[in-house]
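There are 4 protein chains.
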Amino acid sequence: MSNSIGEKFKITSFGSSHGKALGAVVDGCPANLELSAEDIQKELDKRKPGTSKVTTARKEADEVQILSGIFEGKTDGTPITGVIFNTNQHSKDYSMFENTPRPSHGDYGWMMKYGNYDYNGGGRGSGRVTIGQVIGGAIAKKLLKTQGIEIISHVTQIGDVKAQNNDLKLIKENIEKNPIRCGDLNAAKEMEELILAKKQEGDSIGGIVETIATGVPAGLGEPVFGKLDGDLARALMNIGAVKGVEIGLGFDVAAHTGSEINDEYEINDNKITTKTNNSGGIIGGMSNGMPIISKIAVKPTPSISKCQNSVNLEKMENEKIEIKGRHDPCICPRVTVVAEATTAIVLADHMIRSGFIHPSNLKY
Amino acid sequence: MSNSIGEKFKITSFGSSHGKALGAVVDGCPANLELSAEDIQKELDKRKPGTSKVTTARKEADEVQILSGIFEGKTDGTPITGVIFNTNQHSKDYSMFENTPRPSHGDYGWMMKYGNYDYNGGGRGSGRVTIGQVIGGAIAKKLLKTQGIEIISHVTQIGDVKAQNNDLKLIKENIEKNPIRCGDLNAAKEMEELILAKKQEGDSIGGIVETIATGVPAGLGEPVFGKLDGDLARALMNIGAVKGVEIGLGFDVAAHTGSEINDEYEINDNKITTKTNNSGGIIGGMSNGMPIISKIAVKPTPSISKCQNSVNLEKMENEKIEIKGRHDPCICPRVTVVAEATTAIVLADHMIRSGFIHPSNLKY
Amino acid sequence: MSNSIGEKFKITSFGSSHGKALGAVVDGCPANLELSAEDIQKELDKRKPGTSKVTTARKEADEVQILSGIFEGKTDGTPITGVIFNTNQHSKDYSMFENTPRPSHGDYGWMMKYGNYDYNGGGRGSGRVTIGQVIGGAIAKKLLKTQGIEIISHVTQIGDVKAQNNDLKLIKENIEKNPIRCGDLNAAKEMEELILAKKQEGDSIGGIVETIATGVPAGLGEPVFGKLDGDLARALMNIGAVKGVEIGLGFDVAAHTGSEINDEYEINDNKITTKTNNSGGIIGGMSNGMPIISKIAVKPTPSISKCQNSVNLEKMENEKIEIKGRHDPCICPRVTVVAEATTAIVLADHMIRSGFIHPSNLKY
Amino acid sequence: MSNSIGEKFKITSFGSSHGKALGAVVDGCPANLELSAEDIQKELDKRKPGTSKVTTARKEADEVQILSGIFEGKTDGTPITGVIFNTNQHSKDYSMFENTPRPSHGDYGWMMKYGNYDYNGGGRGSGRVTIGQVIGGAIAKKLLKTQGIEIISHVTQIGDVKAQNNDLKLIKENIEKNPIRCGDLNAAKEMEELILAKKQEGDSIGGIVETIATGVPAGLGEPVFGKLDGDLARALMNIGAVKGVEIGLGFDVAAHTGSEINDEYEINDNKITTKTNNSGGIIGGMSNGMPIISKIAVKPTPSISKCQNSVNLEKMENEKIEIKGRHDPCICPRVTVVAEATTAIVLADHMIRSGFIHPSNLKY
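Chains as they are written, first to last, in my numbering: chain A, 156 to 519; chain B, 156 to 519; chain C, 156 to 519; chain D, 156 to 519.
Each hint should be verified, as a subset may be incorrect.
Note: identical chains are not told apart, hence a pair may lie in one copy or across any two.
SDA-like mimics (lysine to any residue), calculated; alpha carbons at most 20 Å apart, straight line [as the list claims (entries may be wrong)]:
no.	residue 1	residue 2
1	Lys-229	Ala-192
2	Lys-426	Pro-372
3	Lys-229	Lys-518
4	Lys-203	Asn-432
5	Lys-208	Lys-479
6	Lys-426	Tyr-519
7	Lys-208	Lys-344
8	Lys-201	Leu-325
9	Lys-479	Ala-352
10	Lys-430	Asp-358
11	Lys-175	Gln-196
12	Lys-470	Gly-303
13	Lys-475	Thr-431
14	Lys-430	Asn-254
15	Lys-461	Thr-431
16	Lys-297	Met-471
17	Lys-430	Ser-250
18	Lys-324	Asn-432
19	Lys-197	Asn-241
20	Lys-475	Glu-419
21	Lys-175	Glu-218
22	Lys-354	Glu-415
23	Lys-317	Asp-407
Hints are computed from structural coordinates only; laboratory data are not their basis. Predicted model, so just to flag it, every value in this text is computed and none were measured.
Work out the full structure, taking the sequences as your base and the hints as a guide.
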């Protein structure tokens with residue numbers, strides 16, 4: 156199994172939904188970055204369930220402890236280990252899934268491939284496992300901030316409701332004002348209603364999350380097989396429910412001509428910028444100094460209480476399944492936090508790989 | 156720079172558009188696979204330019220030589236090196252780009268990051284560099300065929316023209332009958348006209364390429380950070396002009412509910428299959444035995460002859476640019492070959508990683 | 156910093172001597188291996204200090220907790236995290252080393268490279284950090300045992316005292332009967348006296364540790380840059396105080412001819428073996444089915460109480476240093492446990508890499 | 156198979172003794188390093204056989220061609236491919252080895268593991284394959300020279316004849332004056348006689364090669380699992396006939412006390428140095444600014460013409476073997492070139508990894 160991501164700034168994630176603990180080891184963070192458990196807790200709190208009607212009713216304290224890597228309030232270059240001990244787990248809810256895979260849930264793969272599958276709460280296939288990314292991302296964000304890089308993720312679509320707002324400043328303000336983490340308050344209201352309606356029906360709904368990184372210098376990314384957009388695409392696609400990744404215009408490029416969407420260069424204040432940013436800040440696999448913009452397609456939570464067709468793997472016969480338990484009717488709001496963290500990890504890694512951040516010591 | 160892809164089946168690509176040669180070293184192909192230069196040449200010929208009105212007029216022999224890795228007609232487990240010596244290069248066409256980056260072309264990144272940039276024919280930023288993937292992909296396809304896996308890529312959209320045909324057998328037949336490599340002959344006709352119209356205008360046009368892999372067993376892919384869709388997304392996004400990657404329904408999941416698109420299980424002939432394949436053959440990062448389906452968004456070639464705004468990097472002043480030279484008005488037809496090769500490399504790698512193919516010897 | 160070892164069976168180690176905790180995440184262990192905390196504790200207890208007069212007087216409970224990776228008594232293919240919380244740390248002993256590096260101790264490198272160095276107990280440069288390897292090695296040993304592979308390390312030399320016994324069965328019995336973990340009880344007695352004499356003088360003494368792995372099949376190791384002896388050499392050299400690694404005859408090959416030391420083949424019971432094992436079980440980077448034998452040179456503990464010359468890095472002036480604190484006068488007995496663990500990790504990794512153990516599931 | 160070495164400065168080697176070609180792709184060399192084929196040829200000529208009585212009588216032109224990675228006389232950051240086409244191969248000499256492994260030669264492993272083994276000239280198990288390292292090392296040496304780092308390897312022992320000279324300046328002068336590449340001209344004479352005597356007997360002889368790197372800054376190497384000595388040990392052990400690696404005092408540490416061999420610090424010209432260099436320039440896995448000194452044990456060439464016992468793998472019966480063909484009676488002189496190259500590759504890699512050399516562009 157592959158539970159590490161990153162080449163120079165590397166996260167190794169561990170733990171499962173109902174096991175003893177979850178966490179991550181972050182290797183390769185340079186020494187002398189000020190870092191506290193609060194820096195990580197702040198991000199974890201954003202993904203925490205039980206905070207609004209649109210997420211699962213599970214309540215998890217999710218208090219992170221740092222076990223290593225900090226000396227006198229600063230990183231010391233050694234691996235940083237963040238861990239959360241599980242507390243509020245109801246394993247009895249899950250025994251019914253031992254032999255009956257949930258349609259479009261990863262459990263079928265786990266059963267087939269590993270055999271000994273901890274089906275409780277989805278085990279290591281649970282969305283709860285993204286705690287690892289969020290721990291790593293919190294550190295990455297702190298590191299990137301020292302270089303003037305900021306990252307924000309927001310929900311742009313739920314079902315057929317689309318956000319209209321494109322103003323980054325307004326988006327930042329608005330996402331903290333609504334449980335959807337949407338940048339457009341009117342759309343957020345509609346999205347919330349749609350999600351609650353689907354929840355009521357025992358169903359779930361998909362959506363789209365956009366991530367914007369500003370302050371990224373030109374020159375991140377390595378041509379051919381280490382492209383920045385390639386690494387972003389992998390990292391974002393590795394988030395559980397994601398079925399598509401776009402950079403800049405994404406699939407809209409198909410219906411356009413070069414003359415319509417090429418990003419022309421111009422000089423502003425002796426700095427080279429582009430008139431438009433249809434490329435989403437990445438051309439030829441390298442950042443060009445413009446904001447880096449990605450979109451991900453998030454499928455509806457597969458765990459729904461509506462009756463579905465499945466099979467019993469032991470008896471090898473068809474079987475109906477109704478999934479009880481506490482599931483998010485729409486995971487997009489919480490995915491924003493993971494997308495932000497994931498983007499931060501990839502950018503921190505490339506900032507070190509490309510020589511913008513010293514590999515061992517921020518004081519250099 | 157990162158010019159390697161794959162963990163167990165690993166391609167290291169080298170060479171540039173107008174340099175001495177291009178090629179790839181393929182490390183990790185098990186011994187005892189029958190392989191000849193013809194197996195590779197066949198794939199290279201499909202991406203060769205100059206074969207129809209919709210591609211560039213450049214004529215390249217592109218004859219591959221195998222320098223290592225074959226003994227008595229079979230792989231011997233050692234690295235396989237395929238190389239093509241460049242012959243038909245017109246370097247005089249490119250000197251104008253030495254200091255003036257082409258809008259939305261990777262050359263700006265190369266100039267900024269590496270300084271000493273071989274701008275001739277786009278250097279190593281050229282689409283010609285995908286010869287490396289095609290060499291690796293040809294070997295991967297031969298290897299996968301021994302396991303009953305086949306891969307086909309086809310154009311599903313150019314501009315606003317969309318192919319309608321979803322029948323895999325028909326797609327396979329049709330793509331060889333039209334220069335667009337589209338599975339729908341009527342759409343292909345329209346696409347061709349659209350491309351020629353754009354060429355006439357000195358412009359270019361984008362499109363979408365779909366790839367379908369059949370015969371893939373359940374259980375490829377490693378949860379969390381080695382997901383099969385994650386690795387596919389990275390590999391596909393690493394193809395030059397790609398701005399988006401979808402698996403299965405892709406971005407369409409956003410507007411759907413779980414009950415609408417969950418892939419329910421059923422038993423057929425004592426085999427577990429799903430009634431639908433909205434997941435595109437991958438759930439939870441692992442293949443589920445259904446066909447693996449991806450789509451990529453291919454942007455219009457940035458090199459167009461229409462006048463565009465750019466900057467002169469040496470003088471640091473704005474400058475107009477008109478790009479001459481022989482460029483494809485639409486690269487989608489040729490991208491199909493690269494998408495096919497890329498998908499083959501990722502699948503071959505995971506077949507070995509997951510224990511379906513022995514890492515050193517096909518005879519085991 | 157690089158805190159991971161292994162390609163398929165991968166250990167990521169974390170923690171420091173006086174920090175909150177130490178441990179390791181073990182990724183890539185196949186599912187369905189029976190594993191308990193006791194399996195790991197057993198190995199940790201062997202390296203635990205405070206158990207005899209020849210080791211440091213520090214007493215550490217060193218009780219391991221498994222935080223993840225086990226389901227119903229067996230591995231489930233997910234990362235296994237073992238952690239030990241530090242309890243008996245005397246940080247006041249170490250403040251004198253903040254600016255004064257200890258001769259031949261790694262602290263100088265840490266100070267120079269990372270700046271923010273946790274000097275307490277040697278921080279992450281401490282021998283205590285080998286707890287990570289021992290956790291990983293314990294799991295590796297359990298995994299290898301399912302394939303009939305056993306590994307034993309023993310002390311063959313301390314100072315000028317050399318063990319004479321070459322009988323593997325006898326070595327195994329004897330090492331548990333003396334605190335030196337030497338296979339020759341007479342030599343062990345002399346070694347113990349020598350160590351205590353050096354301790355009395357405020358000095359330390361070096362030695363040699365041999366590791367023997369039996370039951371290893373022919374065919375582990377990948378030619379050219381993934382050789383089994385190459386990977387063993389790196390892993391063993393990565394143990395703190397090691398200054399040399401030998402495979403088989405090692406440096407003795409220099410004074411011999413091919414006809415004297417070539418290992419001739421013969422057939423025994425329809426199995427190919429060699430008459431001698433001067434190669435130490437590895438030829439051309441691959442195991443040949445004979446026992447794998449390595450030796451490592453372990454330098455005397457650099458931390459001695461005798462007065463030594465050093466420098467004050469802050470004042471940039473010469474300074475004398477006398478190292479108090481509780482240090483092992485000879486670390487060889489404890490290094491045997493680490494060498495055993497390290498060898499197990501490398502062999503487990505190659506058993507998976509070479510297809511002898513299935514990468515995800517022991518049931519295959 | 157694993158044919159790549161290095162993390163940031165990465166060599167991928169290919170080709171076999173009697174195949175079409177041999178070579179290497181060097182990925183990760185920063186742009187703007189002046190480099191020509193002559194720089195590489197110079198190093199290859201040093202390892203070329205047929206130049207004296209103590210090496211094989213084979214004559215190989217071994218002319219290197221650079222296929223990629225150079226633009227206008229300088230590296231451009233893209234992969235550098237060096238290739239040598241084989242010309243003087245006598246495959247008829249080797250057919251007798253098809254089913255009969257040579258004692259202590261790697262061919263047994265190749266036959267067992269890969270099945271389809273090109274036994275001609277040892278195939279990819281041949282010493283000729285070190286051409287890959289030498290190509291990579293030549294580039295690494297040129298890169299390191301820009302940072303003031305120089306590397307020299309010399310023979311210190313053949314059989315029981317040992318070189319006495321420790322003066323680096325004299326060693327450099329002397330090694331070019333004798334075919335043994337020994338730094339002590341008197342010893343060189345004796346060594347030559349010993350080798351010729353063994354050749355006469357149809358036998359071969361082992362030896363020791365020392366490598367010294369000067370000008371290496373303090374701070375190379377990453378603690379725990381990326382130690383500089385760990386990476387050196389692996390790389391050096393990966394050279395065909397090497398059975399042991401020492402750093403600094405090596406195995407001599409066993410018989411010493413800490414007070415005898417600890418390297419005490421002192422300040423010279425406001426620079427921190429050590430009074431002695433028993434550590435061989437590496438402590439705690441990191442360089443300390445002193446010369447880096449390693450020794451490797453080189454076994455006698457296994458291919459000897461004296462009659463030996465072996466087995467016929469096809470018939471599974473014992474069989475005698477007398478190895479004809481042109482083999483070096485002692486490979487130590489040629490190994491010096493490979494050791495130098497290998498050390499250069501490891502140091503170049505760590506210079507980039509540790510931030511001393513910019514990863515993409517020397518102009519930074």
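Evaluated hints:
1. Proximity of Lys-229 and Ala-192 under a CA criterion of 20 Å is satisfied intra-copy only: 11 Å inside one chain copy versus 32 Å between copies.
2. In this assembly of identical chains, Lys-426 and Pro-372 lie within 20 Å of each other by CA distance solely inside one copy; the values are 12 Å within and 36 Å between copies.
3. Taking the shortest alpha-carbon separations for Lys-229 and Lys-518, only the intra-copy value of 12 Å comes in at or below 20 Å, while the best inter-copy value is 32 Å.
4. When the C-alpha separation of Lys-203 and Asn-432 is checked against a cutoff of 20 Å, the pair qualifies neither within a copy, at 33 Å, nor between copies, at 32 Å.
5. Only within a single protomer do Lys-208 and Lys-479 lie at most 20 Å apart by alpha-carbon distance; the minimum there is 17 Å, versus 59 Å between protomers.
6. For the identical chains of this complex, Lys-426 and Tyr-519 are inter-copy neighbours only, at 19 Å across copies versus 26 Å inside a copy, given an alpha-carbon limit of 20 Å.
7. Taking the shortest Cα distances, Lys-208 and Lys-344 sit within 20 Å of each other inside one copy (13 Å), while across copies they are farther apart (52 Å).
8. With identical chains, the CA atoms of Lys-201 and Leu-325 are at most 20 Å apart within one copy only, with a shortest distance of 19 Å there and 49 Å across copies.
9. In this homomeric assembly, Lys-479 and Ala-352 come within 20 Å of each other (Cα to Cα) only inside a single copy, at 17 Å, whereas the closest approach across copies is 57 Å.
10. Taking the shortest Cα distances, Lys-430 and Asp-358 sit within 20 Å of each other only across copies (19 Å), while inside one copy they are farther apart (43 Å).
11. Taking the shortest alpha-carbon separations for Lys-175 and Gln-196, both the intra-copy value of 19 Å and the inter-copy value of 18 Å come in at or below 20 Å.
12. Neither within a single protomer nor between protomers do Lys-470 and Gly-303 lie at most 20 Å apart by alpha-carbon distance, with minima of 58 Å and 28 Å respectively.
13. For a Cα distance limit of 20 Å, the shortest separation of Lys-475 from Thr-431 across copies, 16 Å, qualifies, whereas the shortest one inside one copy, 52 Å, does not.
14. Taking the shortest Cα distances, Lys-430 and Asn-254 sit within 20 Å of each other only across copies (19 Å), while inside one copy they are farther apart (56 Å).
15. In this assembly of identical chains, the alpha carbons of Lys-461 and Thr-431 lie at most 20 Å apart only when taken from different copies (17 Å versus 45 Å within one copy).
16. For the homomeric pair Lys-297 and Met-471, neither the shortest alpha-carbon distance inside one copy (51 Å) nor that between copies (34 Å) is at most 20 Å.
17. Taking the closest pair of Cα atoms, Lys-430 and Ser-250 never come within 20 Å of each other, the shortest separation being 57 Å inside a single copy and 25 Å across copies.
18. Taking the closest pair of Cα atoms, Lys-324 and Asn-432 come within 20 Å of each other only inside a single copy of the chain (17 Å); across copies the shortest separation is 40 Å, beyond that limit.
19. In this assembly of identical chains, Lys-197 and Asn-241 lie within 20 Å of each other by CA distance solely inside one copy; the values are 18 Å within and 27 Å between copies.
20. Taking the closest pair of Cα atoms, Lys-475 and Glu-419 come within 20 Å of each other only across two copies (10 Å); inside a single copy the shortest separation is 56 Å, beyond that limit.
21. Within a single copy, Lys-175 and Glu-218 get their C-alpha atoms as close as 13 Å, and across copies as close as 16 Å, so both meet the 20 Å cut-off.
22. In this assembly of identical chains, the alpha carbons of Lys-354 and Glu-415 lie at most 20 Å apart only when taken from different copies (14 Å versus 42 Å within one copy).
23. Taking the shortest Cα distances, Lys-317 and Asp-407 sit within 20 Å of each other both inside one copy (16 Å) and across copies (13 Å).
Comparing the model with each earlier hint shows violations of hints 4, 12, 16 and 17; every other hint is respected.
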